[in-house]
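**Q** Chains as they are written, first to last, in the working numbering: chain E, -5 to 99; chain V, -5 to 99; chain G, 908 to 1366; chain X, 908 to 1366.
Any given hint could be a false lead.
With a cut-off of at most 25 Å between alpha-carbon atoms, the simulated PhoX-like pairs for lysine-lysine come out as follows [stated by the list, open to error]:
#1 G/K1242 / E/K84
#2 X/K1304 / X/K1342
#3 G/K1342 / G/K1304
#4 G/K1163 / G/K1361
#5 X/K1304 / V/K84
If you anchor each label on the Cβ, the simulated ranges turn out as follows [unchecked claim]:
#6 X/G1064 / G/F914: 41 to 51 Å
#7 X/W982 / G/I910: 52 to 62 Å
#8 X/I1085 / G/V1024: 40 to 50 Å
#9 G/R1330 / X/S1282: 52 to 62 Å
#10 G/S1354 / X/S1282: 48 to 58 Å
Okay, the calculated bits of chain G under chain E, using three or more residues with CB under 8 Å as the criterion [as the list claims (entries may be wrong)]:
#11 931 to 943
#12 962 to 975
#13 1007 to 1014
#14 1145 to 1154
Source of the hints: derived by calculation from the structure; they are not laboratory data. Built from N, CA and C at the ideal position, the CB exists for glycine as well.
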Amino acid sequence: MNPAVLIASVYVFALAAFLGYQVISRVPPLLHTPLMSATNAISGISLIGSLVLAGGGHSPLFAHLLGFVAVTAATINVVGGFGITDRMLKMFAKRLPAKNAAVNE
Amino acid sequence: MNPAVLIASVYVFALAAFLGYQVISRVPPLLHTPLMSATNAISGISLIGSLVLAGGGHSPLFAHLLGFVAVTAATINVVGGFGITDRMLKMFAKRLPAKNAAVNE
Amino acid sequence: MNIESYFMEATYLVASILFILSLKGMSHPETARRGMFMAEAGMFAAIVGTLVGQHIVTWVWIISGLALGSIIGGWMAVTVPMTAMPQRTALSHAFGALAAALVGVGEFLVHASEMGVVTRGALGLEVMLGALTTTGSLIAAGKLQGVIGGKPIQFRGQNAVNLLIGVGMLGSFVFFWIHPEAVAVFYIMLGLAFVFGVMLVIPIGSADMPVVMSLLNSYAGLAAAATGFVLGNNVLIIAGTLDGFSGFILSVLMCKAMNRSITNVLFGGFGAVIAEASGDSDGVMREISLDDAAMQLAFASRVVFVPGYGLATAQAQHAVRELAELLEGRGVTVKYAIHPVAGRMPGHMNVLLAEANVPYAALYEMEQINPEFVSTDVAVVIGANDVVNPDARDNPKSLIAGMPILEVDRARSVIVLKRGQGRGFSGLENPLFFKACTTMLYGDARSSLSHLAKAVQQV
Amino acid sequence: MNIESYFMEATYLVASILFILSLKGMSHPETARRGMFMAEAGMFAAIVGTLVGQHIVTWVWIISGLALGSIIGGWMAVTVPMTAMPQRTALSHAFGALAAALVGVGEFLVHASEMGVVTRGALGLEVMLGALTTTGSLIAAGKLQGVIGGKPIQFRGQNAVNLLIGVGMLGSFVFFWIHPEAVAVFYIMLGLAFVFGVMLVIPIGSADMPVVMSLLNSYAGLAAAATGFVLGNNVLIIAGTLDGFSGFILSVLMCKAMNRSITNVLFGGFGAVIAEASGDSDGVMREISLDDAAMQLAFASRVVFVPGYGLATAQAQHAVRELAELLEGRGVTVKYAIHPVAGRMPGHMNVLLAEANVPYAALYEMEQINPEFVSTDVAVVIGANDVVNPDARDNPKSLIAGMPILEVDRARSVIVLKRGQGRGFSGLENPLFFKACTTMLYGDARSSLSHLAKAVQQV
Ligand SMILES: NC(=O)c1ccc[n+]([C@@H]2O[C@H](COP(=O)([O-])OP(=O)(O)OC[C@H]3O[C@@H](n4cnc5c(N)ncnc54)[C@H](OP(=O)(O)O)[C@@H]3O)[C@@H](O)[C@H]2O)c1
Ligand SMILES: NC(=O)c1ccc[n+]([C@@H]2O[C@H](COP(=O)([O-])OP(=O)(O)OC[C@H]3O[C@@H](n4cnc5c(N)ncnc54)[C@H](OP(=O)(O)O)[C@@H]3O)[C@@H](O)[C@H]2O)c1
Chain E
-5 MNPAVLIASV
5 YVFALAAFLG
15 YQVISRVPPL
25 LHTPLMSATN
35 AISGISLIGS
45 LVLAGGGHSP
55 LFAHLLGFVA
65 VTAATINVVG
75 GFGITDRMLK
85 MFAKRLPAKN
95 AAVNE
Chain V
-5 MNPAVLIASV
5 YVFALAAFLG
15 YQVISRVPPL
25 LHTPLMSATN
35 AISGISLIGS
45 LVLAGGGHSP
55 LFAHLLGFVA
65 VTAATINVVG
75 GFGITDRMLK
85 MFAKRLPAKN
95 AAVNE
Chain G
908 MNIESYFMEA
918 TYLVASILFI
928 LSLKGMSHPE
938 TARRGMFMAE
948 AGMFAAIVGT
958 LVGQHIVTWV
968 WIISGLALGS
978 IIGGWMAVTV
988 PMTAMPQRTA
998 LSHAFGALAA
1008 ALVGVGEFLV
1018 HASEMGVVTR
1028 GALGLEVMLG
1038 ALTTTGSLIA
1048 AGKLQGVIGG
1058 KPIQFRGQNA
1068 VNLLIGVGML
1078 GSFVFFWIHP
1088 EAVAVFYIML
1098 GLAFVFGVML
1108 VIPIGSADMP
1118 VVMSLLNSYA
1128 GLAAAATGFV
1138 LGNNVLIIAG
1148 TLDGFSGFIL
1158 SVLMCKAMNR
1168 SITNVLFGGF
1178 GAVIAEASGD
1188 SDGVMREISL
1198 DDAAMQLAFA
1208 SRVVFVPGYG
1218 LATAQAQHAV
1228 RELAELLEGR
1238 GVTVKYAIHP
1248 VAGRMPGHMN
1258 VLLAEANVPY
1268 AALYEMEQIN
1278 PEFVSTDVAV
1288 VIGANDVVNP
1298 DARDNPKSLI
1308 AGMPILEVDR
1318 ARSVIVLKRG
1328 QGRGFSGLEN
1338 PLFFKACTTM
1348 LYGDARSSLS
1358 HLAKAVQQV
Chain X
908 MNIESYFMEA
918 TYLVASILFI
928 LSLKGMSHPE
938 TARRGMFMAE
948 AGMFAAIVGT
958 LVGQHIVTWV
968 WIISGLALGS
978 IIGGWMAVTV
988 PMTAMPQRTA
998 LSHAFGALAA
1008 ALVGVGEFLV
1018 HASEMGVVTR
1028 GALGLEVMLG
1038 ALTTTGSLIA
1048 AGKLQGVIGG
1058 KPIQFRGQNA
1068 VNLLIGVGML
1078 GSFVFFWIHP
1088 EAVAVFYIML
1098 GLAFVFGVML
1108 VIPIGSADMP
1118 VVMSLLNSYA
1128 GLAAAATGFV
1138 LGNNVLIIAG
1148 TLDGFSGFIL
1158 SVLMCKAMNR
1168 SITNVLFGGF
1178 GAVIAEASGD
1188 SDGVMREISL
1198 DDAAMQLAFA
1208 SRVVFVPGYG
1218 LATAQAQHAV
1228 RELAELLEGR
1238 GVTVKYAIHP
1248 VAGRMPGHMN
1258 VLLAEANVPY
1268 AALYEMEQIN
1278 PEFVSTDVAV
1288 VIGANDVVNP
1298 DARDNPKSLI
1308 AGMPILEVDR
1318 ARSVIVLKRG
1328 QGRGFSGLEN
1338 PLFFKACTTM
1348 LYGDARSSLS
1358 HLAKAVQQV
């Protein structure tokens, strides 16, 4: 990897870490369970790496097969994770009319 | 500029913008004046560009001169800005024994 | 770079921003769902961008993988009962981590020879973290589901064995880093990482699984971030880092609420030690009849429900809401006291009670409700144990000394709903059950609650 | 890359992190100063890193520039009286922006031929923003200092002229972007940007300068960020972006507190319009003698001081603290009511009162103190005007209608300290002064306050 790109990646990592800390420390305990499954779903982003492995050129068949398994696994992670999160949040959403009360949580 | 580096720079910019928003929106009004002069001092970071211009190789004399003016101006910004901020904050610091009261501001 | 690549890069940037916004949305229940849609949109954008911008030659594997994964994932999401959330999340973890590990192996197969030092290091990390998270999460899911015994599994010399495996794994990592041509060493590392994941989680009691899961979540995120370094892909770095941090912060929060250190959770074999340490208590546990309990509730003016893990296992969330509504109909003020680590996941009680349509306004956090117990007529403890253990406050020698608790023992009268003499997560005896103000109503929480409701109706 | 470059890059990363941490420190007065040290350390690290890692051939210009700049900057910081903070900050701005513009010109001189499209675009932005911020900040400083007339300077066709200059500037920017060999156009752009900065700020009244300054701060930050893109330097991008955002957020906050839009501030020529719009008021302003005022204060049980811009111009912060201490010695409860835009900078009153050692605990924000005015015996308005104008609340046709105010007119009695019939920043008449509960104590705020203190001692 080009050193300039590497350095930039380090910056991206550092900034994302700060931002993650800032954003996540503001999530109320009420939403910790959904948060856990939501970030789990987001970490399924390695799906995009799997896609390239499964369908990219110049790779041996074995790599395609690995890619297929990876795509399947990552998709389970993404679809399952978002689905579970959504089901949980739907429950919270039902209770939303009690607007201001929510701030107490 | 190498496209990968450019893209990474855009990410750095976007993340810094988010982070800036998060961090700065938490500064209490009490500290807005020092914040203004502190960020002003930090923006004097263009000093590091000036240094290269003033002392770098392969440049015409005119560029060196420009660099000299730029270094002077940026240093005024940095030293003046931090100095002013520090004087302001020193005043606040004097009052620190009244710890918890500060949270009310 | 051609136009397709620019499009792809643009979708990645958009996805990164959407992921950040979605986590910001999580700071409030009202915006949480919109936040999730953003994250989903971001994921979708990134997938489309990848398919457009990358040089894809065969579609068959991609399409079948996406289809199969969607079916399994969708099925997992739709069928999961609320009480099985923790293990499903753990399972979902395992799959995500597996994908990260496999992508690493694939990269290794295709590009090993051209890799620079940094990339190779990141690749090693990715594969290692991915593999150990996969097996670790599987074990965690198994323990939570009860497929694998929940007790910490420990044996003599365990720490030595673990150390050996860990050192072996790291050693092969370093060796591979220096000698990229040593293909076998790479696979040895992979294998050891799989084994290491198992060994890490096996000795931890099922009650500590939430912390472990959070940590594994964090590892999965870091594996994704490492993948980002390998592929030079910023959206992977950002999403992975966000995930890594969220997992880490949550585990720290949980440990704080339990007043324990992370090292203690990971290496303490907590449950095991305590099983021996539980002392005997003087005094007797007094049982209360259903009718007496119903009478007390019906004529109280302030009642506080204190749900715990037992509420989750008994799936009693609807039953408690029905009882509460009956009481409210009689003019009783009903509140719910939510301890931050009640149950087995952070926010566990909130999710369950939300499912049962309990209004937010009735839920009170520990700091809010504790001062109110003195003026409470009846505190009803529903399958909670450790979170109401007064020893944590009164007995500095207790293993959970210092853990903040719900001070139900300040209430005029306490009714405890549990099945028998079972201990809680910590395995400690709870002196609350022997206090003069406390009476026990034995039985499964759900049936006890619905019987109570019937009895209240007849008062 | 050699070892020096790695060292440099490491210092840049450290500096970026320190800058972020320093702004985080600003979220609390207790950590603010430590935050500043971090920022200073970051700046120092970045400078050292640059000198080590870049290929420096001549040191004479660098050393003389650093020395000269430190002397001037240090002198500026040490000699500035607290009341002149705003103009000094503006001046400091001007220098920073000038540096950014010059670096851009230098880059252009040295590397113009090798630049890619994106870099050239960033370079143009940098030079343009830098140049217009330089002259704009100078004008702002001049207006705040009173060197240049504070009144908005407006003439017929001004907007057309400004538009012309702006379009000319942007036009040459685009031309240069497409035709990098057009050196002359680059310099035309530079010149027009300098002129545009002047034209932008000249028509704005000095009272609106804080908003303008914040915006210029934001521009200076963006110029630095653009420099970062030109040089491929992440610390510049990060520091510049943070600065850009802070300026932007502060100007939005100020506009909100004044209930005006940013466009209105920038193009409204607010002060000018209003000078005509001020209506006459019925009723009379009743003067109060020093002794009567002192008597009222001495025998009150609750007094609230309401400082405004007049406190700053009169430098009366110490006098008010002394009076307050005297009253407290007599058992009077004294509070200070701080309006978010009292004075001429956000947080202006806080800085002044902190300088005079007024304890934090005695300062109350608008939302906190407004409900307390009904139970206040005497509200003492010290050189404040607009922030206590009840028209903003009562008269929907008022130019400042909707601006949140300190509701002093709810107090039992109001004493207003000002020099005469002078209007406030908005140029509007203030009906408060004509109310039955209000009495006026004319004179410079500082001398009025110290006379009051003497009189109170003699009660
Ligand atoms: N929430 C988190 O994030 C988290 C994370 C890690 C650890 N923990 C730990 O988990 C514990 C949570 O405390 P807790 O008070 O909620 O639970 P607990 O201490 O584990 O106690 C649960 C109680 O519920 C009873 N129970 C089980 N099934 C039941 C049923 N079907 N009906 C009625 N009662 C039933 C059990 O007694 P019987 O067997 O007699 O019925 C048991 O005493 C804490 O120690 C905490 O540190 C929580
Ligand atoms: N703080 C910010 O960030 C900010 C930013 C932009 C705009 N503004 C605007 O500035 C205004 C601030 O309101 P404000 O109530 O603080 O001030 P103001 O409305 O400007 O009124 C100041 C008053 O102080 C009196 N005064 C001046 N010098 C004095 C002296 N030496 N001794 C005694 N009195 C003196 C003046 O009357 P005499 O001439 O009769 O003495 C004048 O009526 C608001 O309209 C706000 O929107 C504030």
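**Q** The structure should be examined with respect to each hint, and the outcome stated for every one.
**A** To see whether the hints hold, each was checked on the structure:
1. The suggested pairing of G/K1242 with E/K84 holds, with an alpha-carbon distance near 23 Å, which does not exceed 25 Å.
2. As the CA atoms of X/K1304 and X/K1342 are separated by approximately 19 Å, the hinted pair is consistent with the 25 Å bound.
3. About 19 Å separates the Cα atoms of G/K1342 and G/K1304, which keeps this hinted pair within 25 Å; it holds.
4. For the proposed pair G/K1163 and G/K1361, the alpha carbon gap of about 40 Å is over 25 Å, so the pair is violated.
5. Restraint check for X/K1304 and V/K84: the C-alpha separation of about 44 Å exceeds 25 Å, so the hint is violated.
6. Checking the proposed 41 to 51 Å range against X/G1064 and G/F914 shows it holds: the Cβ atoms sit about 46 Å from each other.
7. At about 55 Å, the beta-carbon gap between X/W982 and G/I910 stays in the expected band of 52 to 62 Å.
8. With their beta carbons about 42 Å apart, X/I1085 and G/V1024 fall inside the hinted range of 40 to 50 Å.
9. The hint said 52 to 62 Å for the Cβ distance between G/R1330 and X/S1282, and at roughly 56 Å that hint holds.
10. Between G/S1354 and X/S1282 the C-beta distance comes to about 57 Å, which sits within the given range of 48 to 58 Å.
11. Counting residues of the segment 931 to 943 of chain G whose CB falls under 8 Å from any CB of chain E gives 10; the rule of at least 3 is met.
12. Chain E is given as covering the segment 962 to 975 of chain G, and this holds because 11 residues of the stretch bring a CB closer than 8 Å to a CB of that chain, at least three being needed.
13. Coverage of the segment 1007 to 1014 of chain G by chain E holds. Counting CB-CB distances below 8 Å, 6 residues qualify, and the rule asks for three or more.
14. Only residues whose C-beta sits within less than 8 Å of a C-beta in chain E count toward coverage, and the segment 1145 to 1154 of chain G has 10 of them, enough to reach three; the restraint holds.
Consistency with the previously given hints fails for numbers 4, 5, ordered from lowest to highest.
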